[in-house]
Amino acid sequence: EAGVAQSPRYKIIEKRQSVAFWCNPISGHATLYWYQQILGQGPKLLIQFQNNGVVDDSQLPKDRFSAERLKGVDSTLKIQPAKLEDSAVYLCASGGDRRYEQYFGPGTRLTVT
Amino acid sequence: GENVEQHPSTLSVQEGDSAVIKCTYSDSASNYFPWYKQELGKRPQLIIDIRSNVGEKKDQRIAVTLNKTAKHFSLHITETQPEDSAVYFCAASSSGNNRLAFGKGNQVVVIP
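Chain order of the listed sequences is A and B.
Residue numbers for the first sequence follow the working numbering, beginning at 1 and rising by one.
Residue numbers for the second sequence follow the working numbering, beginning at 1001 and rising by one.
Same shape as in the complex, but just chain A:
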């Protein structure tokens, strides 16, 4: 079974620029999550989708972050404009029928200079 795929793996941008990340979940998984993991900390949930609908985006900084999951499969997370404090690893995870169980992708390491 293929795992969660993410791209790009690394991205370096200057502050005020925009960036987008892509995630392809495990086939058949209805739930998709985006997390932000700052160095030395645990993953922090940004947004959760169930199929193509948003379930929870309470911790998403909506003034600069946006996410979509068209057709209930792939998802993109965008930051515009980026700030220095956005430097982190952005992890995508997906979950299937077994409630709460989540599998992570390799992440995208973002560096904002």
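Worth flagging that the hints you see were computed from the coordinates, not collected in a lab.
Treat the hints loosely; a few may be bogus.
Said to hold, decoys possible - Below 25 Å or equal to it, Euclidean Cα-Cα: the simulated SDA-like pairs (lysine to any residue) are:
| # | chain 1 | residue 1 | chain 2 | residue 2 |
| --- | --- | --- | --- | --- |
| 1 | A | 44 | B | 1041 |
| 2 | B | 1042 | B | 1069 |
| 3 | B | 1068 | B | 1054 |
| 4 | B | 1042 | A | 8 |
| 5 | B | 1104 | A | 109 |
| 6 | B | 1071 | B | 1081 |
| 7 | A | 44 | A | 13 |
| 8 | A | 62 | B | 1001 |
| 9 | B | 1057 | A | 99 |
| 10 | B | 1042 | A | 12 |
| 11 | A | 44 | B | 1048 |
| 12 | B | 1071 | A | 24 |
| 13 | B | 1104 | A | 10 |
| 14 | B | 1071 | B | 1016 |
| 15 | A | 62 | A | 24 |
| 16 | B | 1104 | B | 1085 |
| 17 | B | 1042 | A | 53 |
| 18 | B | 1057 | A | 103 |
| 19 | A | 44 | B | 1001 |
| 20 | A | 83 | A | 13 |
Got chain A sorted already, so can you dock chain B onto it with the hints?
Leaving out everything else, chain B in the frame of chain A:
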């Protein structure tokens, strides 16, 4: 919301010894408690989980115990090996959606 804390932040053990990491949670309605292992530069990997209807679960050298009354759960690694060196994250389900709240992680170092 759910608040999860892990102790200790760093743990060093001699190869072959046991390692125990403890997590506490705040929401008595939480009913799912996974442990993830994250090696440097890699994705968090689910290594074991437990649901609130059982008190202990074991898988080879790793086990998880749950004390619902005290609201804490622990990861036990026996016969530690160098490849067990990693950061371990605990998490707890948050009431409502299929959402997990993560702790800050424990760095486990196995000394050969």
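Verification of the hints:
1. A/44 with B/1041: Status holds; Cα separation ~17 Å.
2. B/1042 with B/1069: Since the Cα atoms of residue 1042 of chain B and residue 1069 of chain B sit roughly 34 Å apart, the hinted pair is violated (cutoff 25 Å).
3. B/1068 with B/1054: Given pair residue 1068 of chain B, residue 1054 of chain B holds - Cα atoms ~10 Å apart, limit 25 Å.
4. B/1042 with A/8: Distance of about 14 Å is within 25 Å: holds.
5. B/1104 with A/109: Given that 25 Å is the threshold and the Cα spacing comes to 18 Å, the pair holds.
6. B/1071 with B/1081: violated (29 Å)
7. A/44 with A/13: holds (22 Å)
8. A/62 with B/1001: holds (20 Å)
9. B/1057 with A/99: Cα-Cα ~18 Å, so holds.
10. B/1042 with A/12: holds (18 Å)
11. A/44 with B/1048: Measuring from Cα to Cα gives roughly 20 Å; hence the hint holds.
12. B/1071 with A/24: At roughly 35 Å apart (the allowed maximum being 25 Å), residue 24 of chain A and residue 1071 of chain B break the hint.
13. B/1104 with A/10: At roughly 23 Å apart (the allowed maximum being 25 Å), residue 10 of chain A and residue 1104 of chain B satisfy the hint.
14. B/1071 with B/1016: violated (29 Å)
15. A/62 with A/24: holds (22 Å)
16. B/1104 with B/1085: Between residue 1104 of chain B and residue 1085 of chain B the Cα gap is close to 16 Å, so the pair holds against 25 Å.
17. B/1042 with A/53: Roughly 29 Å between the alpha carbons, so the hint for residue 1042 of chain B and residue 53 of chain A is violated.
18. B/1057 with A/103: holds (20 Å)
19. A/44 with B/1001: holds (13 Å)
20. A/83 with A/13: This hinted pair holds, its Cα atoms lying about 10 Å apart.
Hints 2, 6, 12, 14, 17, counting from the list given before, are not met by this structure.
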